[in-house]
Each structure stands twice: as structure tokens, then as C-alpha cells.
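K.L.:
Below, each chain spelled out in residue letters.
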Amino acid sequence: MQTQTEIGYNSKVEGDVVVTRVDAALNWFRKNSLWPMPMGLACCAIELMAAGASRFDISRFGAEVMRFSPRQSDVMIVAGTVTYKMALAVKRIYEQMAEPKWVIAMGACASTGGMYRSYAVLQGVDRILPVDVYVAGCPPRPEALLDALIKLQNKVAKEPILSMLKKVA
Amino acid sequence: MSVVPNPSPSNPPPRQTETAAGRLSPVTALSLAQKLQRQFEGLISEPTEFRAEFSLQISNLQRISEICSFAKTELGFDYLVDMTSLDHYGEDPRFTLVYHLYGYGHLQYVRLKGEVSEETAEVPTVTGVWRTADWHEREIYDLMGIRFKGHPDLRRIIMWEGYPYFPLRKDFPLSGRPSEMPEVAFTQQAPLAGGPFVTIAGGKDTISREPRVRIPDTDAIEMNSRLERRRDIKGAHGEARAPGPIQPKKERA
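If you read the sequences in order, they're chains V and A. With the working numbering, the residue at position 111 of the first sequence is 111, and numbering never jumps. With the working numbering, the residue at position 120 of the second sequence is 120, and numbering never jumps.
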């Protein structure tokens with residue numbers, strides 16, 4: 001009759017247990033479920049829709065849940081020309097997103113203003129938001145957006161969450 | 001068997017309509033333009049032709065709504081296709097307003113032009129004649145700064161209320177001017193430096209071939225554009241988000 005609860009290593013449960021760091025686990029959860037905020041402002045949004053549809057299927061990377069509420073999204077995909085009239089609205093929506101949050105600047109316009117060197121167009125969304133990944137192209141093909149998403153996932157996977165939390169606390 | 005020429009879309013065949021005299025006569029753009037000109041003798045010039053379309057010069061736009069009203073009710077121009085404005089910067093009068101008229105009954109176009117001086121920059125509205133003029137006039141007000149007397153809702157339509165410039169005027173630079181409306185919008189000068197498309201052939205990478213800013217007479221074109229970009233990012237998001245110092249490019253093996 002066993003009187004003592006076994007604490008510590010138990011060979012009977014081996015195989016059902018994965019040992020990892022908390023950081024790595026949290027990042028793994030995060031990176032495989034990046035819900036996008038589709039900030040579709042111009043023609044890039046059409047490619048964004050294509051990336052979400054069956055042929056390119058962004059859900060293979062866990063980012064198919066396009067949230068039209070900033071409160072529920074993790075990554076803002078700025079797809080299109082950011083005009084000055086829209087700029088503060090984009091910034092406001094970004095600020096409404098809960099941390100942690102990331103930004104993909106999709107296409108030439110969102111990255112640098114693109115061909116619109118004019119009085120009406122913000123010369124790159126990085127002038128108002130911190131951009132994590134820039135996607136070249138006018139518009140970029142869906143594969144390019146998927147590539148950007150994978151690059152962002154790699155970035156998210158390397159974030160030192162715990163040390164960041166300690167700094168905050 | 002006679003050969004009937006196909007009517008082309010740009011030059012439709014004249015339609016037969018009843019006139020007051022009871023005879024059938026073809027309605028042409030020229031005849032309509034002449035009727036309008038005769039009605040307002042002295043106010044409207046002889047029609048001038050360009051590629052089978054006719055333009056009338058109006059000497060005093062203060063009576064434009066009267067002219068348009070006659071054109072709509074008596075001459076069947078039931079559609080205001082477009083309203084445009086021109087800026088002859090440096091001349092007086094500075095602006096030209098152009099009204100593009102069309103009739104769905106007779107399928108003819110006519111164009112009315114009139115001049116507006118910079119001092120008044122005000123013209124009576126034609127929204128009472130064609131309701132569609134509402135947005136056309138708002139657009140002209142927004143981008144060219146010509147006001148329309150009697151307009152029901154003369155607000156900017158593209159730029160925001162409080163934007164201090166009229167961007168389609170010739171003395172307004174394409175790159176824009178800095179402005180600030182707290183909580184609404186801001187603008188900055190776009191880097192043009194020699195043209196809207198600044199490319200430097202033969203640069204060693206994309207950043208030097210297509211810089212954001214080109215500073216002539218320096219060989220630091222690439223460096224300046226990269227430094228400016230880094231300053232911008234640092235200024236907007238703080239030191240922590242700023243990129244590191246510029247590293248020299250590795251030579252390709």
C-alpha cells in the first residue's frame with residue numbers, strides 16, 4: 001500500500017509531457033493565432049482578400065480570423081494607401097488594439113507612400129505606427145503577404161515575454 | 001440599295017423633333033448653342049467648335065443660373081455632366097469655370113465657359129437647376145477655392161474642414177504644405193526633390209536607386225535618405241523602437 005504521493009519525475013507519464021520554457025510556449029500560442037485587423041484602404045486589400053480565400057488560404061498559418069474589431073485583433077495589416085485624412089483614424093484603431101500587437105505594412109503605399117508623392121498621402125504608415133514587417137509590391141501577391149506573416153511569426157517566436165513583463169512590473 | 005453610314009457613338013445622328021413651327025428639323029449641338037446664344041445676346045459669345053463639340057464663352061457668370069435654367073427647361077439640357085475649373089495663375093481673371101451640359105432627349109453636348117477673378121472668387125450656384133451640381137461645386141470649392149453663392153451646403157468634400165489650402169491651385173506645390181488640425185488630420189511635405197518619381201539609375205541597391213529624398217550635389221544621397229528615415233522612426237516611436245546604427249553593406253562574395 002502506497003502511503004506517499006510521488007513528487008517529481010514519473011516514468012509512467014513520460015511521453016505525455018512536454019518540457020519547455022514559458023516564453024517559448026506563450027510565443028508558440030501567439031504566433032500560431034495572429035488574428036489580423038484588415039486595414040484595407042486600397043487595391044492591396046483585394047490581394048489581402050485573396051490571401052484569405054481558399055486558393056492561398058492564410059488559415060494555414062493561423063491568421064484567418066479577420067477581426068473587424070480592433071479589440072480582438074493582434075496584427076494590423078495596413079493594406080493600401082494611407083491618406084492624411086485617414087491617418088489619424090488608422091492610428092486610433094491601432095491604439096484600440098490590445099497588447100501585444102504588431103503591424104504589417106502591405107505594399108508600396110503603406111510602406112513609403114508608393115507612387116503617391118503628393119499633398120494628400122502619408123509617406124509611409126511607419127510615420128504614425130511602429131511597423132514590424134514591410135511587404136514590397138504594388139500590390140504584393142498573396143504569397144508575399146504569407147511570407148510577411150511567416151516572418152512576423154518568426155519575430156513573435158523570439159520575443160522575450162517574461163523579461164518584458166518583469167520590466168513592466 | 002443605298003449604303004447607310006453607321007452612326008458613331010461620338011457623333012450620333014441628329015434626331016427629328018417637333019419645333020414650335022410644327023416642322024421636323026434636326027437638333028444639332030450647333031443649333032442648340034446658337035439658340036442659347038441668341039437668347040442671351042451680348043452675354044454669350046458665338047459658339048466655337050472643336051471636334052464637333054461647341055463651347056460658349058459667358059462674359060458675366062453672375063447670370064449663370066439664369067442661363068443654365070433656360071438651357072435645361074427650353075433646350076433640353078437635362079444633365080450636367082461635369083463642372084471643372086482651371087487656374088491661369090498669373091493672369092487676370094485667374095480662374096475659368098467650365099460647365100459640361102448634355103441632353104438625354106437630343107443627345108447633344110454643349111460646354112459653357114466663364115471667367116472668375118481671384119478677388120471675388122464667387123459665382124452663383126446652379127444647384128437650383130441641376131441638383132447634381134451640389135457635389136461638383138463642393139469639389140471646386142474644396143480644391144480650387146471658388147465659392148458658390150446660394151449653395152445649400154458649401155463644405156469641403158475631399159479635404160477636411162479646416163485644411164488651410166486649396167490644393168489644385170497652381171501656386172500650391174504638388175508635395176503639399178505642412179498643416180495641423182489637432183484630432184482631425186495633419187499633413188507633411190512629401191519629398192519630391194526634382195519630380196514625383198525620383199530614381200537614380202545605376203545605384204548599387206534599391207535604397208540608393210529609389211531614395212525617398214534626393215539631395216542634389218552631394219554624394220550622400222543614399223546616406224541622407226536612410227538617416228532621415230531612421231530619424232523619422234525614432235521621432236515617432238522613441239529610442240526603443242528605433243533601428244540601430246547603419247551598418248556598412250557586406251561585399252558580395
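Calculated from the structure, these hints are not laboratory results. One or more of the hints may lead you astray.
Once the Cα atoms are required to be at most 27 angstroms apart in a straight line, the calculated DSS-like pairs of lysine-lysine come out as [said to hold, decoys possible]:
#1 Lys85/V - Lys113/A
#2 Lys234/A - Lys167/V
#3 Lys170/A - Lys91/V
#4 Lys151/V - Lys85/V
#5 Lys101/V - Lys234/A
#6 Lys12/V - Lys101/V
Quick list of simulated restraints, FRET-style, between CB atoms [to be verified]:
#7 Pro173/A - Lys91/V: 24 to 30 angstroms
#8 Gln72/V - Arg156/A: 31 to 37 angstroms
#9 Phe50/A - Asp57/V: 50 to 56 angstroms
Note that the coordinates shown come from a computational prediction; the quantities given were computed from them, not determined experimentally. Idealized CB from N, CA, C, for every residue including glycine.
K.L.:
Are the hints correct? Go through all of them and say.
P.N.:
Hint by hint, here is what the structure shows:
| no. | hint | verdict |
| --- | --- | --- |
| 1 | Lys85/V - Lys113/A | violated (32 angstroms) |
| 2 | Lys234/A - Lys167/V | holds (21 angstroms) |
| 3 | Lys170/A - Lys91/V | violated (32 angstroms) |
| 4 | Lys151/V - Lys85/V | violated (30 angstroms) |
| 5 | Lys101/V - Lys234/A | holds (19 angstroms) |
| 6 | Lys12/V - Lys101/V | violated (41 angstroms) |
| 7 | Pro173/A - Lys91/V: 24 to 30 angstroms | holds (25 angstroms) |
| 8 | Gln72/V - Arg156/A: 31 to 37 angstroms | holds (34 angstroms) |
| 9 | Phe50/A - Asp57/V: 50 to 56 angstroms | holds (55 angstroms) |
Violated hints, in rising order: 1, 3, 4, 6; the structure is consistent with all others.
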